[in-house]
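These are the residues of each chain, in order.
There are 2 protein chains.
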Amino acid sequence: MQANVFVPGHITGFFEIFLYDDPLYSGSRGCGVVLDKGVITRAEVMESDRLEIETFLNGTKTSCDVSKFAVYELLKNERKKYRIKIFHELQVPMMQGFGTSGAGALGAVLALNTALKLDLSLNQCAAIAHKSEVINQTGLGDIIAQVNGGIVMRIFPGPPGIGVIDKIPYDGYVVVLILGSGIKTKKVLSDYKMRKKINEVGGECMKLLLKKPTVDNFLRLSQFFSFNTGLITRKAKRVIEELQKYKIRASMVMLGNAIFSITEEPENLSELGYKCIIAKIN
Amino acid sequence: MQANVFVPGHITGFFEIFLYDDPLYSGSRGCGVVLDKGVITRAEVMESDRLEIETFLNGTKTSCDVSKFAVYELLKNERKKYRIKIFHELQVPMMQGFGTSGAGALGAVLALNTALKLDLSLNQCAAIAHKSEVINQTGLGDIIAQVNGGIVMRIFPGPPGIGVIDKIPYDGYVVVLILGSGIKTKKVLSDYKMRKKINEVGGECMKLLLKKPTVDNFLRLSQFFSFNTGLITRKAKRVIEELQKYKIRASMVMLGNAIFSITEEPENLSELGYKCIIAKIN
Numbered sequence: 005m006q007a008n009v010f011v012p013g014h015i016t017g018f019f020e021i022f023l024y025d026d027p028l029y030s031g032s033r034g035c036g037v038v039l040d041k042g043v044i045t046r047a048e049v050m051e052s053d054r055l056e057i058e059t060f061l062n063g064t065k066t067s068c069d070v071s072k073f074a075v076y077e078l079l080k081n082e083r084k085k086y087r088i089k090i091f092h093e094l095q096v097p098m099m100q101g102f103g104t105s106g107a108g109a110l111g112a113v114l115a116l117n118t119a120l121k122l123d124l125s126l127n128q129c130a131a132i133a134h135k136s137e138v139i140n141q142t143g144l145g146d147i148i149a150q151v152n153g154g155i156v157m158r159i160f161p162g163p164p165g166i167g168v169i170d171k172i173p174y175d176g177y178v179v180v181l182i183l184g185s186g187i188k189t190k191k192v193l194s195d196y197k198m199r200k201k202i203n204e205v206g207g208e209c210m211k212l213l214l215k216k217p218t219v220d221n222f223l224r225l226s227q228f229f230s231f232n233t234g235l236i237t238r239k240a241k242r243v244i245e246e247l248q249k250y251k252i253r254a255s256m257v258m259l260g261n262a263i264f265s266i267t268e269e270p271e272n273l274s275e276l277g278y279k280c281i282i283a284k285i286n
Numbered sequence: 005m006q007a008n009v010f011v012p013g014h015i016t017g018f019f020e021i022f023l024y025d026d027p028l029y030s031g032s033r034g035c036g037v038v039l040d041k042g043v044i045t046r047a048e049v050m051e052s053d054r055l056e057i058e059t060f061l062n063g064t065k066t067s068c069d070v071s072k073f074a075v076y077e078l079l080k081n082e083r084k085k086y087r088i089k090i091f092h093e094l095q096v097p098m099m100q101g102f103g104t105s106g107a108g109a110l111g112a113v114l115a116l117n118t119a120l121k122l123d124l125s126l127n128q129c130a131a132i133a134h135k136s137e138v139i140n141q142t143g144l145g146d147i148i149a150q151v152n153g154g155i156v157m158r159i160f161p162g163p164p165g166i167g168v169i170d171k172i173p174y175d176g177y178v179v180v181l182i183l184g185s186g187i188k189t190k191k192v193l194s195d196y197k198m199r200k201k202i203n204e205v206g207g208e209c210m211k212l213l214l215k216k217p218t219v220d221n222f223l224r225l226s227q228f229f230s231f232n233t234g235l236i237t238r239k240a241k242r243v244i245e246e247l248q249k250y251k252i253r254a255s256m257v258m259l260g261n262a263i264f265s266i267t268e269e270p271e272n273l274s275e276l277g278y279k280c281i282i283a284k285i286n
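Chains as they are written, first to last, in this note's numbering: chain A, 5 to 286; chain B, 5 to 286.
Some hints could be false.
Pairs count within a copy or across copies, as identical chains cannot be separated in the list.
Here are the simulated EDC-like cross-link-like pairs (lysine to aspartate or glutamate), alpha carbons at most 16 Å apart as the crow flies [as the list claims (entries may be wrong)]:
hint : residue 1 : residue 2
1    : Lys121    : Glu82
2    : Lys135    : Glu77
3    : Lys121    : Asp175
4    : Lys85     : Glu56
Keep in mind the hints are simulated off the structure, nothing from the lab.
This is chain A alone, in the form it adopts within the complex:
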């Protein structure tokens, strides 16, 4: 038995953190954009006498903790046992704020739901992936955005069905310039002082974006967020200022060593000499 699923990547511009005892009511508010590039997941299943899960990243056996946790959660009440192989093919880099952990976990759950005919709804699958993200501290708002697509304003935290979203209507491209090696989301999310600062600035940004939900305002507020939380790196700041000279508004990817812009003319950014990912808004 096998099944394939694509889950898109998602880039966050700014956010606010909500952590409670129940991971399903935890998550984030904020705004981000969903790409037409992401993670393709294939699940292969054979019946077995015990539950065994192996995970592969771009063909190499790798421990994908968030996907594994989600699969255990999905199958915890199943009586039959399986030998499961999960293959993730990444179209975007890891640890650069593309929400690959969430895309992988959701892909694994959806692919197994199909392969094993578990008959769960999309929200039920997404809830499991969201829970795995929150508990593993790898993401807080990617799942609901990835399920919905577009430029997603997360106005109430949680997975789809609990969380509430709105969107900025816009058709265009996301361009991401990768500036160096990745950032561990966990390190930032577990620092109490940083969380406090993030929530203070992120809450203000959310309020202002809802008053004027436009792409330009989103990029402006994302910049304000990255500068005022202190999350901005020196290099990101330099490149954002360089782009401003060309009248291109960009901001730092939360959380990646990368900057992003939203535009109808992606070629203006791709010609600057940085490692560049261009995607259609999905």
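Please arrange chain B on chain A, whose structure you already have, making use of the hints.
Chain B alone, transformed into the frame defined by chain A:
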């Protein structure tokens, strides 16, 4: 100033009606499927000394009341006046349960939102289209489905942001067989006895679908709904029974003189000699 927008078509299998004083809290629960065919809308705008709206259907000047109502609603607080032309190009037939009225109204609002830089969010635009549908009695649940896509279970009524949805995860085709000329939604929705029957049977279907959210169960419950509400026509019944001989499950489109099925093998239905629309689930 001008802008183009595509809004997909949506077919309902079964539903429950919720009507209150506030159209934004009115709507329907139920389940339906969103197509990759729908309505393309172009808005053309010129400044003027008074508000003038003209609507066109496939190139011919036609009074599109639902779109017009939505445009008046959208612009009621605008100080500037405009001469507006709304052009709808239909990829699916009218009055056959494809939700073309909703697709047109939402398309008109979204296109004007872009053309006039009104800076409304997607939910704000959708709320206006939903309101126009409810007040004109042309639809109750199409807008939230069209905004979300997929096989949409509407578990709480209303437009996006108020209504709540879940989805049946499935990748495949919708096939619609058109059996004759269309049906007026308004006539059915305004009959008190029919509404009572619809809610009784529709409520039961919703409960059963949520317990087992699969495509086959959706089609089975849709059939049960159309037969037990008495909405089924003699011809639809005959064709559904004919398809059953080929082990194809189908149900009547709510509300159209048409039947639909969801399948990975659309050619099995297209070869039966009926006027046929094949679309990818969107």
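Task: Hints violated by the structure (numbers, ascending) - done: Per hint list: zero violations.
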